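Asker: Protein chains in written order, with the working numbering: chain A, 1 to 520; chain B, 521 to 1040.
Okay, derived cross-link-like pairs now, DSS-like style, lysine-lysine, Cα gap no bigger than 30 Å in a straight line:
hint: 1; chain 1: A; residue 1: Lys336; chain 2: B; residue 2: Lys767
hint: 2; chain 1: B; residue 1: Lys922; chain 2: A; residue 2: Lys54
hint: 3; chain 1: A; residue 1: Lys402; chain 2: A; residue 2: Lys446
hint: 4; chain 1: B; residue 1: Lys650; chain 2: A; residue 2: Lys275
These are computed hints drawn from the structure, not numbers from a lab.
This one's a predicted model, so the numbers in the text were calculated from it and none came from an experiment.
2 protein chains.
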Amino acid sequence: MEKIYINGTFRDSVAASSFRASNPSTGEALERDFPVSEWKEIDEALDVASSCFKEMRSMSPEKIATFLDTFADLIQSDKDALVDLAHEETGLPKTPRLGDVELPRTVNQLKLAAAAARSGSWSMPTIDTKANIRSCYQSIGPVCVFGPNNFPFAFNSLAGGDFAAAIASGNPVIGKANSSHPATTKRFAELAHQAIEKTGMPKGLVQLLYRTSHVDGERMVGDPRLAAIGYTGSRNAGLQLKSVADKVGKPFYAELSSVNPIVYLPGAMKERGEKLMDEYVASGLMGAGQFCTNPGLLIMLKSQEADRFVAGVTDKYKSSPAGTLLSKSVESSLVKSISILCAAGAELLTGGSKVEGGRCAVANTALRVTGQKFLSDPHAFQTEAFGNAVLIVVCESMTELKQVLEQLEGNLTAAIYSATDGSDDGIYQPIADELAQKVGRLLNDKMPTGVAVSPAMNHGGPFPATGHPGFTAVGIPASMIRFAKLTCFDAVRPSRLPAVLQDSNPQKAWRSVDGVWTQS
Amino acid sequence: MEKIYINGTFRDSVAASSFRASNPSTGEALERDFPVSEWKEIDEALDVASSCFKEMRSMSPEKIATFLDTFADLIQSDKDALVDLAHEETGLPKTPRLGDVELPRTVNQLKLAAAAARSGSWSMPTIDTKANIRSCYQSIGPVCVFGPNNFPFAFNSLAGGDFAAAIASGNPVIGKANSSHPATTKRFAELAHQAIEKTGMPKGLVQLLYRTSHVDGERMVGDPRLAAIGYTGSRNAGLQLKSVADKVGKPFYAELSSVNPIVYLPGAMKERGEKLMDEYVASGLMGAGQFCTNPGLLIMLKSQEADRFVAGVTDKYKSSPAGTLLSKSVESSLVKSISILCAAGAELLTGGSKVEGGRCAVANTALRVTGQKFLSDPHAFQTEAFGNAVLIVVCESMTELKQVLEQLEGNLTAAIYSATDGSDDGIYQPIADELAQKVGRLLNDKMPTGVAVSPAMNHGGPFPATGHPGFTAVGIPASMIRFAKLTCFDAVRPSRLPAVLQDSNPQKAWRSVDGVWTQS
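Construct the entire structure; sequences and hints are all you get.
Answerer: Right, dumping it as structure tokens:
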């Protein structure tokens, strides 16, 4: 059985049970056995993380940054092994996806987090010199990261965005590996171990568990030694864990589900319907649709252009090969979601069933529903079909289209396509206002699939997309304040202030001093 | 029966039941009857707030600011009537407290909120010019404010900090009056009505309900037409409402309870024990101790100075008149909390029972417990005794004192008193680190009772002080982002961007542009 990583050592688990991941390209179970940890070792991980955090409270940001840079370099050097492991466990192509896109993104995120820790600007230092009151965000305490299945590197619980943000803001991390890529995650733990040794970081900075029982998972989330949670995964499991954290007022940052509506205004359809169709298909089928920001709900007005668009999407979906899904569980969820949409009254245009054979795959699936039908059960028609499936809503009128928008739940993104000649401008604003209220990111004439790692990015949104509409999971430094608490120092003697709040501003952080942002 | 304020008109409620507030100075019920609203009118208020919010989405910040300024001026002009009403309902002194401190603070908060709305800097505009991604905080939707009993002006649900923050960030407010001062709150509704008429604001901007059943209160909090809640009040009721909001991922900003530990280091006690005692007594008995930041837990080492301190506090508590409490319910809660502390093993030094007569009052109460005893049931000994009561923990050793600190729950504030000659400096930092992790605001040599309205203030803290350690309820503009959502505009055409994100920056807001904070 594979070893867990606790208190700086890889050691045998006391687990009574184990699990194996599968290779989605063949459907066959992989050879390595991973333990389902018992409470005893979860308990120890929490103790170790607590002690580590005490050491980190007085640690220099430079030391934390050096760890992140070193870890990033080790990941870069280990690229081939990581790509091989992740390909085997996820079926994602080695190139360009894993090796040329996701691994560089992961390294970049860690380096950006290092730079943010060094600068201190992330902590929003605010100083009122007259009242001698100063505040900033500070590390919150041990963080547990539950990573998703769809980004084995960039959202990995031990190397991805939440991990980078939690460490950079000064917290130790307990990673709960995603069960579909435990070997990849273990490899990150080995590299983190090397980085910890090289940079003299405390042993509990990074720890790894592969799986726990539901009961123990909830117990861990509710434990007072754990300060915050980053969770990306299924809505049901996430809500269950969130309810435990909510009861004790503990921040639980959840990214749960999103159908990412795309609204095509009539002028745009007239002007460049064919082009829009190609753009959509490329985005919709990319990575077999397994992105949190995959455009899963297209909304348009009934017209000849709409008919052509739907027919075109159907043809392309039929003729394009179905991508490999991440796991059997993604495959079965997708088939189930499609059947829910059909049962609610959506018309199946193509696809809908598993591709025969061992490989995890579902035929590219397109569904259609009228606006009127959608309005008869808006909740059911917003069922997320995670993967290569899309629901197209065709509305009779602009009034009906707006009614559809009013029924939308919270989403990560929404996009509006409009004519370049201004012919849609008269109807744009009310639609944009409605959507902006419902989503974390609004796009114009652009698919939402790409999530740039930018300080201005918001990868978040109202429930049920996430658990709180004020936070982003992507973008350094903004994502860091999730794993921080606001602390105010009132009349605290100058030498006792955190460096970032001292008059000398040794890090040259951006600070708001008496209402003026300055680095001096 | 008094009229409710819905959809811009004062009208009769359909309520089947009603309630009266009492005059705490006499214990007698006041004459006016206030309705307990039925769901039908709550439902209408939510509808009206939704429509109002749609109008507000495209409203200029200048218009919102003008309303806030106008409202502030009307409050200033109505000072005498407001002070009379609040005095009658709360027993708080007309002067200096109500007329000279709290009313000016309330007016000032509204004016600061107006200025913040005008400047736009509160919304933290962040622009990535290369990627053409821009984000900022934007209004979240209708907000319900549950105001507390202890600040009839400065935290009033229709004039206080949460109200100002919610309106300034662009949201309509439904006020749920505190049941102990409904007439004061109604007066604010009347002034808000005048300000709405004068400035041409939509009718649903401000609405007022006095009370609802528990069931309807929960239904309102969970209703999708309500976007966020500001709640200051009792822990039990707050947690019940919070659980409803949590289930649907809706921000519920709760300020629940706090004992505000004060740690006296031995050097400070030796140096100026007498002075510290006087400073404590003034702060502890101010307003009959009815402040969220009242210092309710004093922690010190056993010593001759500590003995003198305890004896001095006991004497002063005995000889000082007991202040009037806000209501019978505060009185009975206080007596109950004291009995919980005694039952856990605290020694009653003075006070502990109701002052005879109709007036709401409890004798000034001091209790003592050893560190060892405290550690035997740290939860019970952190029972908040809201009012003029204090628990003094006397520890045998610095080790024991640190153990006591480790057992502290989340609080709004903590203060550390240390010697001016540096003799406590060797022990300061680990104690400060432990406390800073547990509280929203750490003070040095200063009582926490004053909560300055400063951009650097944090009136917040880890659970159970509040529901999330990243937000402040006092301090403009920081408190505004509670009632906002983060919205990102990705490749959105320039003319369609909110003003605060446009290149021209018409409001001259502070913005982070490519990592540099600038007003240009």
